[in-house]
Amino acid sequence: MPTLTYRDALNQALREEMQRDTNVLLMGEEVGVYQGAYKVSRGLLEEFGPKRVVDTPIAELGFAGIGVGAAMGGLRPVVEFMTWNFALLALDQIVNSAAKMLYMSGGQIPVPIVFRGPSGAALQLGSQHSQAWESWLAHIPGLKVVAPATPADAKGLLKSAIRDNNPVIVLEGEMLYNLKGDVPDGEHIVPIGKAEIKREGSHVTLVCHSKTLPVAQKAADQLAEQNISAEVLDLRSLRPLDEAAILESVKKTNRAVVIEEGWPHVGVGAQVVDLIQRDAFDDLDAPVLRVTQADVPMPYNKFLERAAKPSPEKVVAAARRVLYLE
Amino acid sequence: MTATARSPKDTAAPQTDLHLKMLRQMLLIRRFEEKAAEAYALGKIGGFCHLYIGQEAVAVGALAALKDDDYVICSYREHGQALIKGIPPNAVMAELFGKATGCSKGKGGSMHLFDAKKGFMGGHGIVGGHIPLAAGLAFASKYNSTDRVTVCFFGEAAVNIGAFHETLNMASVWKLPVIFLCENNRYGMGTAFERVAAVTDVVEHACSYDMAAELVDGMNALTVYDAVRRAVERARKNSHPTLLEVRTYRFMGHSMSDPLHGVYRTKDEVEEQKARDPITHLAQRLKDEGVIDQAALDAMDAEIHAEIEAAVKFADESPDPDPDELYNDVLAD
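These protein sequence lines are chains A and B, in that order. Per the numbering used here, the first sequence starts with residue 1, numbered consecutively. Per the numbering used here, the second sequence starts with residue 1, numbered consecutively.
Honestly, the hints are just simulated from the structure, not real lab data. It should be emphasised that the depicted structure is a prediction, and the values quoted were computed from it without experimental measurement. One or more of the hints may lead you astray.
To be verified - Sample of chain A residues facing chain B (criterion: CB under 8 Å; computed from the structure): (1) GLY106; (2) ILE140; (3) PRO141; (4) GLY142.
Claimed, not checked - Computed footprint of chain B on chain A; a stretch qualifies when at least three of its residues, placed anywhere within it, have a C-beta under 8 Å from a C-beta of chain B: (5) 91-104; (6) 180-193; (7) 248-262.
Don't be surprised by glycine CBs; every beta carbon is placed ideally from N, CA and C.
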């Protein structure tokens, strides 16, 4: 199987879907001539031309809304945000237009659109460029939200997102774009709403997604050295959430730690914990713990930033606590 | 005059038909809105309900210049455009009543009327939020090489919103076949435009975006029709956008729960504007031209009354949505 970076896996998904369906187009800042702020769209302008690879001004609200209108008109736009931090300016269109058009039109007008771009912190970008918006976006009925952690999942989920007849949010990561992994050629589809066990284990479940997958994997390695067998469950989709996969894993391990890049208050982990306490209460041997970003705007200083982010050490400590080893 | 040129007399018949149609359409909106106000007062219609009384010439004149498959997209003051785009009064009234037979199955309400098959792409409730959607529809039409034109109706208050400026810029850069039709009724709810806008001639904003523009008398359906026809031609033939500022006046309060006048405008001002009533204006003109007499006008009015009464009856007797509908249409298959 070919090895690709996460960036090139996304590029492959875009290219294949644009070849497959002439209604698919890409629009956003720097996607064409500049080849993408993070080079996800490299080569697409040359292959598909300016009609289908559309450079926009820096006007997130406007071009997100134009994308939604184009989807109402029968196209399948992929709208790239240079980062999700800038997409806050477009939230009105994502929430008030894309997410509820089908419902408020009584089922008449679907909005098949993809909004994608990197989310969460990278390195020392400061507080306005280091935010994970999963919980905000996953809050909204009418949206689907995916957050792939591996190159294969990035390709498979983006292809599913483009083919979906609903607005789909694809949360990528600046720190993931260079990650390499095996990616199947051609028709590789990952269904939206399906989690995946990335590592089998029996003592504790580490629930993660996106950039917290490598954090959980490192934690699982460290725990293995302590003879603790951690299962790593990658949610991949946050809406819909694969509740069955979460419950099945917790019923096996009886303990869980939920990891996310977002802030703790009203986060994705809170939703996962709600599910577990309700539907796996009798299977639990310990309260479920969460590892999140510290409840502060992201600081610039690299030591403070590191202290704010979820880390393998924090996950190991939480896992040991749910195992009553601390 | 050459032999092939048509005399004014030859064109009189179709023009007369058009003018009569416009008069009837304006009356239809007026009577519909009056009944909606009654139904609102009776508690049959809930939530917000923004009436179009006074502004009828704008929707009627503009839509007369369109083809059936052109797109129309509006703000929340859209009962008039919905009716003229071809949604039957029954389906519009039923939607206002929240009934299953409404044009949005009772899930949209007064502010969210839709009929995708007729190219009526909604009623939208966030001021200015639908302006980019209009450009997006036009983008799709151009992408698919159709000659479909999109007309976007919005109030002057939306001009202070970022989405307006971002969209006009992109529509001009990308040469989209869209008409931005600003219905300047002078007041954003209770705030006079000149109190909150540095540039009070909306039409001037077109200069910033290198866009064709016209200032139009919105109390005259024929003037609106002519201006929109020119804009449609620009869009259909050359894929160029246009900004139209159509000066009109709302005879009612902002919504049914707001006062007609008081702190923000005087009763005298409203009365003065009512003297410019677009329906009276066109009716008088057609009477003067001998196209219609009072008896024919009364007959037209009576027929419309009956049609609207029937719509109210239909809405009233229609079922509420099935409780299972709550969870339908959240996601498409």
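Hints and how they fare:
{"no.": "1", "hint": "GLY106", "in the structure": "holds, 3 Å"}
{"no.": "2", "hint": "ILE140", "in the structure": "violated, 10 Å"}
{"no.": "3", "hint": "PRO141", "in the structure": "holds, 5 Å"}
{"no.": "4", "hint": "GLY142", "in the structure": "holds, 6 Å"}
{"no.": "5", "hint": "91-104", "in the structure": "holds (count 8)"}
{"no.": "6", "hint": "180-193", "in the structure": "violated (count 0)"}
{"no.": "7", "hint": "248-262", "in the structure": "violated (count 0)"}
In summary, the structure is inconsistent with hints 2, 6 and 7 from the numbered list given earlier, while agreeing with the others.
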